[in-house]
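Protein chains: 2
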Amino acid sequence: MGINQVNRDIPTKYADQYGVYDGEFTNVKPFEAATKHVQPVKPNETKLLASIHDAIVKTGLKDGMTISFHHHFREGDFVMNMVLDEIAKMGIKDLSIAPSSIANVHAPLIDHIKNGVVTNITSSGLRDKVGAAISSGIMANPVVIRSHGGRARAIASGDIHIDVAFLGAPSADAYGNINGTKGKATCGSLGYAMVDAKYADQVVAVTDTLVPYPNTPISIPQTDVDYVVQVDAIGDPDGIAKGATRFTKNPKELLIAEYAAKVITASSYFKNGFSFQTGSGGAALAVSRFMRQAMIDQDVKASFALGGITNAMVELQKEGLVDKLIDVQDFDHPSAVSLADNPDHYEIDANMYASPLSKGAVINQLDVAILSALEVDTDFNVNVITGSDGVLRGASGGHSDTSAACKMSMVVAPIVRGRIPTIVDEVTTVVTPGASVDVIVTELGIAINPNRPDLIKMFKSLKVPQFTIEELRDKAYAITGVPAKIHYGDQVVALIEYRDGHLIDVVKNV
Amino acid sequence: MGINQVNRDIPTKYADQYGVYDGEFTNVKPFEAATKHVQPVKPNETKLLASIHDAIVKTGLKDGMTISFHHHFREGDFVMNMVLDEIAKMGIKDLSIAPSSIANVHAPLIDHIKNGVVTNITSSGLRDKVGAAISSGIMANPVVIRSHGGRARAIASGDIHIDVAFLGAPSADAYGNINGTKGKATCGSLGYAMVDAKYADQVVAVTDTLVPYPNTPISIPQTDVDYVVQVDAIGDPDGIAKGATRFTKNPKELLIAEYAAKVITASSYFKNGFSFQTGSGGAALAVSRFMRQAMIDQDVKASFALGGITNAMVELQKEGLVDKLIDVQDFDHPSAVSLADNPDHYEIDANMYASPLSKGAVINQLDVAILSALEVDTDFNVNVITGSDGVLRGASGGHSDTSAACKMSMVVAPIVRGRIPTIVDEVTTVVTPGASVDVIVTELGIAINPNRPDLIKMFKSLKVPQFTIEELRDKAYAITGVPAKIHYGDQVVALIEYRDGHLIDVVKNV
Numbered sequence: 000m001g002i003n004q005v006n007r008d009i010p011t012k013y014a015d016q017y018g019v020y021d022g023e024f025t026n027v028k029p030f031e032a033a034t035k036h037v038q039p040v041k042p043n044e045t046k047l048l049a050s051i052h053d054a055i056v057k058t059g060l061k062d063g064m065t066i067s068f069h070h071h072f073r074e075g076d077f078v079m080n081m082v083l084d085e086i087a088k089m090g091i092k093d094l095s096i097a098p099s100s101i102a103n104v105h106a107p108l109i110d111h112i113k114n115g116v117v118t119n120i121t122s123s124g125l126r127d128k129v130g131a132a133i134s135s136g137i138m139a140n141p142v143v144i145r146s147h148g149g150r151a152r153a154i155a156s157g158d159i160h161i162d163v164a165f166l167g168a169p170s171a172d173a174y175g176n177i178n179g180t181k182g183k184a185t186c187g188s189l190g191y192a193m194v195d196a197k198y199a200d201q202v203v204a205v206t207d208t209l210v211p212y213p214n215t216p217i218s219i220p221q222t223d224v225d226y227v228v229q230v231d232a233i234g235d236p237d238g239i240a241k242g243a244t245r246f247t248k249n250p251k252e253l254l255i256a257e258y259a260a261k262v263i264t265a266s267s268y269f270k271n272g273f274s275f276q277t278g279s280g281g282a283a284l285a286v287s288r289f290m291r292q293a294m295i296d297q298d299v300k301a302s303f304a305l306g307g308i309t310n311a312m313v314e315l316q317k318e319g320l321v322d323k324l325i326d327v328q329d330f331d332h333p334s335a336v337s338l339a340d341n342p343d344h345y346e347i348d349a350n351m352y353a354s355p356l357s358k359g360a361v362i363n364q365l366d367v368a369i370l371s372a373l374e375v376d377t378d379f380n381v382n383v384i385t386g387s388d389g390v391l392r393g394a395s396g397g398h399s400d401t402s403a404a405c406k407m408s409m410v411v412a413p414i415v416r417g418r419i420p421t422i423v424d425e426v427t428t429v430v431t432p433g434a435s436v437d438v439i440v441t442e443l444g445i446a447i448n449p450n451r452p453d454l455i456k457m458f459k460s461l462k463v464p465q466f467t468i469e470e471l472r473d474k475a476y477a478i479t480g481v482p483a484k485i486h487y488g489d490q491v492v493a494l495i496e497y498r499d500g501h502l503i504d505v506v507k508n509v
Numbered sequence: 000m001g002i003n004q005v006n007r008d009i010p011t012k013y014a015d016q017y018g019v020y021d022g023e024f025t026n027v028k029p030f031e032a033a034t035k036h037v038q039p040v041k042p043n044e045t046k047l048l049a050s051i052h053d054a055i056v057k058t059g060l061k062d063g064m065t066i067s068f069h070h071h072f073r074e075g076d077f078v079m080n081m082v083l084d085e086i087a088k089m090g091i092k093d094l095s096i097a098p099s100s101i102a103n104v105h106a107p108l109i110d111h112i113k114n115g116v117v118t119n120i121t122s123s124g125l126r127d128k129v130g131a132a133i134s135s136g137i138m139a140n141p142v143v144i145r146s147h148g149g150r151a152r153a154i155a156s157g158d159i160h161i162d163v164a165f166l167g168a169p170s171a172d173a174y175g176n177i178n179g180t181k182g183k184a185t186c187g188s189l190g191y192a193m194v195d196a197k198y199a200d201q202v203v204a205v206t207d208t209l210v211p212y213p214n215t216p217i218s219i220p221q222t223d224v225d226y227v228v229q230v231d232a233i234g235d236p237d238g239i240a241k242g243a244t245r246f247t248k249n250p251k252e253l254l255i256a257e258y259a260a261k262v263i264t265a266s267s268y269f270k271n272g273f274s275f276q277t278g279s280g281g282a283a284l285a286v287s288r289f290m291r292q293a294m295i296d297q298d299v300k301a302s303f304a305l306g307g308i309t310n311a312m313v314e315l316q317k318e319g320l321v322d323k324l325i326d327v328q329d330f331d332h333p334s335a336v337s338l339a340d341n342p343d344h345y346e347i348d349a350n351m352y353a354s355p356l357s358k359g360a361v362i363n364q365l366d367v368a369i370l371s372a373l374e375v376d377t378d379f380n381v382n383v384i385t386g387s388d389g390v391l392r393g394a395s396g397g398h399s400d401t402s403a404a405c406k407m408s409m410v411v412a413p414i415v416r417g418r419i420p421t422i423v424d425e426v427t428t429v430v431t432p433g434a435s436v437d438v439i440v441t442e443l444g445i446a447i448n449p450n451r452p453d454l455i456k457m458f459k460s461l462k463v464p465q466f467t468i469e470e471l472r473d474k475a476y477a478i479t480g481v482p483a484k485i486h487y488g489d490q491v492v493a494l495i496e497y498r499d500g501h502l503i504d505v506v507k508n509v
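If you're matching them up, the sequences are chains L and A in order. Residue numbers are given in numbering that gives the first Met the number 0: position 116 of the first sequence equals residue 115, and the series is strictly consecutive. Residue numbers are given in numbering that gives the first Met the number 0: position 71 of the second sequence equals residue 70, and the series is strictly consecutive.
It should be emphasised that the hints constitute simulated quantities derived from the structure, not laboratory data. Where hints are given, some of them may not hold.
Treat identical chains as interchangeable: a pair holds within one or across any two.
Said to hold, decoys possible - When the alpha-carbon atoms are kept at most 27 Å apart in a straight line, the in silico DSS-like pairs for lysine-lysine are as follows: (1) K317 <-> K181; (2) K61 <-> K474; (3) K406 <-> K41; (4) K28 <-> K92; (5) K61 <-> K507; (6) K181 <-> K300; (7) K12 <-> K113; (8) K88 <-> K28; (9) K474 <-> K92; (10) K61 <-> K462; (11) K128 <-> K459; (12) K462 <-> K251; (13) K41 <-> K270; (14) K28 <-> K61; (15) K88 <-> K317.
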């Protein structure tokens, strides 16, 4: 039986292989941690190699292996393209790649897929050209979409076994001590890369800033690195901060943010020591601003802000309104600078951030998460991976992780985007199950998940318009009309893993 | 055949089980990293338990399991005795214990051995009463003595599999984030404990200072901790710093230190960016003082000092003569304070410090190590574990690790101690093979290992009296006479592992 708990039909072949989604915590069970093959390094042996070519040779990389990358450079990443180009030149084929995510800048990947260099992909997300190409069906094997916590789980449990991780290192010494806060292309936290380094058989640090031994602070230690390669440039600092958002002036976003802040500050979670995570979108960033005023007015201080750190959080921390920043990834340059300078701004790995199988992730301690969405349906299921046309263009990110684990998960979204409804009967693709989503915040008002009667009671006298999710959908459809059905092909182009590794949905070709 | 490369006869039973020492790097070979059984923690689950008793119950600790402790509290440790007393009360028997070392304060262990609670021990060292009791033959199974790097290797490779680690935590939050720099009993670095936490199936943090979440800095993360127990006191701060040495006024030690400093500063290693490790003994500490003057005079700065950090190193770092302190353990209170305050004072785990099977330990980057010895023999073999009476009373520590890995290993020791010769025909017990030991420094002069002709040449015109090791032995024997043979029994009471896990010696009962 392939119908899962969010009513999605998972083809038997994949249902058998992965299992299907059957509840948020059903599959949180004891497991044996993954092992790795370690090649010890003796005194007098050097790790420094002359080129990426030499590193590929040294690691013994061959057809069929799995390699990984991190996406901390976001749209500024040079490393994945450089390494795949070299691999292609060397005639190595049939690789599985396991980057923590894939950006627009990685469009050259399309050729490597077509040429058979890359035959399997797992990633948090797929953007524009790569997403469209994969949605068109260029791969024989579906891409496996994993959340940030799900990826950490998969690596820690051995579902992903990385043969060689190629890790862009903003600074490294010749023995492999790495951080993301020094160098030419600083990205701040290396939270995703830290997991790769810990579990990969072999790790190649690719750096453009080689510093004297010992490089500190140490985000990734020499004991997790086999080789170090110096190149001219690993990333474009402008691209790293690309998409980082300034405070919005969009009145719709401001209204959403104001409503969201009202929900938070009226909740029982809003008290000294509370904690929150926001996304990097316009509305999410603006929530911080409205919350800030309430924190000052009511003398409430947060114990920590988690993320996905943005300058908005850094400013709150500097003001003393937030004790600590817990950082798996930085969305802008000021956040990376803060990580370097501020002992209360603390770097963690993705396993500690969000893995459902860890001995307790930070999200388990989180009070409130403010998340975005491409679509929300009347079961409160959320889609953050496909457009309304069914094409892959988003990222799973930490959405399902934080939603499941935090005490109150909020989705902020405009009711429509142009002619496309955000609140719909059925999301195109389920990434986060409705069971995890507590409050939808739109510019027209909020809808509270009926599975949270405590919140419905809590917000009874809240001065924000309240609707059922069906009413919000009706308001959306009143503007856009009922969306037309998407005509999919028969090929499965992506498997959407729930954070526990079971399939919550699949995406077919369009 | 049980005779190993340092000419020690290893009983067949143990030779077969462990292998025998056959060269410093012969057994540095690829391996599969140890795995662990992980019990994930869900949101809303608490890790905080009311007592050590409850933690023992929760972990399911039972007869035959292996538990571990760390020795960062040194003579001030309360944790091991507390936990073993409770375990004994609960009737659990036949445990293997794997503390990183054992101090005088752990004398109650003797009763737990006699009562069958503890039937196997591995440790870096054994002091006074416990050492004497074990040397007298109270255990059926020999204690396995491992170096700090060897212990990390054994844990990382699965030779030691820790079922439950009970880790004294100077500060912890209720979700298990631990550091050693805050709290009532600060010990500074938790370098040994970090390895246990990483590889043990279950980890119990025992703290007397429970702080709000999230506790930072994070030496051991929540993802490596299963339970947290708050107790009244985990250690005695005075005991932690006990034995920490002030600068010596002993003229013999000062002369040894002066000679050692002359050797270092005359060597080719003494240049900008050099690195060193010293012990905590009087002569070793004094070396820093003499070296300091040469560093100032010759405008030479060290890139890092490694250890076993002492206030002497902290002072050099503050003065700008040493760039960074790399810290697996703190020997005194000022060092612990420095670790808390100084971003260039950096905490590492024992795997990164010294494991021969890691992807490159820090000792592999070390220029000069200054080490102590109970005995050195004419093959340059060093004993740091048994007295001249054959009784266990020392610790393997990082001796064989740093000696093997650094570029120039120096042993500083007086030629005799009272009526006991330090330089002898044959050490009572071999811990570090002569192949690893480069220069012996005594108050009468130095002896250079003939296997280092480069050093003999380098120090040709050095203004320090130079002898063969046989001449130094003769000078010692001239004072003390030839030492009498020790009369051992037939029982093997300790196995001395070389850092690679093979046996370099055994100790029999006396």
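Going down the list of hints, with the structure as the test:
no.: 1; hint: K317 <-> K181; verdict: both (21 Å within a copy, 22 Å between copies)
no.: 2; hint: K61 <-> K474; verdict: neither (55 Å within a copy, 62 Å between copies)
no.: 3; hint: K406 <-> K41; verdict: between (49 Å within a copy, 12 Å between copies)
no.: 4; hint: K28 <-> K92; verdict: neither (36 Å within a copy, 29 Å between copies)
no.: 5; hint: K61 <-> K507; verdict: neither (30 Å within a copy, 52 Å between copies)
no.: 6; hint: K181 <-> K300; verdict: between (31 Å within a copy, 22 Å between copies)
no.: 7; hint: K12 <-> K113; verdict: within (24 Å within a copy, 60 Å between copies)
no.: 8; hint: K88 <-> K28; verdict: neither (43 Å within a copy, 32 Å between copies)
no.: 9; hint: K474 <-> K92; verdict: neither (51 Å within a copy, 69 Å between copies)
no.: 10; hint: K61 <-> K462; verdict: neither (61 Å within a copy, 57 Å between copies)
no.: 11; hint: K128 <-> K459; verdict: neither (46 Å within a copy, 69 Å between copies)
no.: 12; hint: K462 <-> K251; verdict: within (17 Å within a copy, 82 Å between copies)
no.: 13; hint: K41 <-> K270; verdict: between (53 Å within a copy, 23 Å between copies)
no.: 14; hint: K28 <-> K61; verdict: between (34 Å within a copy, 22 Å between copies)
no.: 15; hint: K88 <-> K317; verdict: neither (49 Å within a copy, 51 Å between copies)
Checked against the numbered hints above, the structure violates hints 2, 4, 5, 8, 9, 10, 11, 15; every other hint is satisfied.
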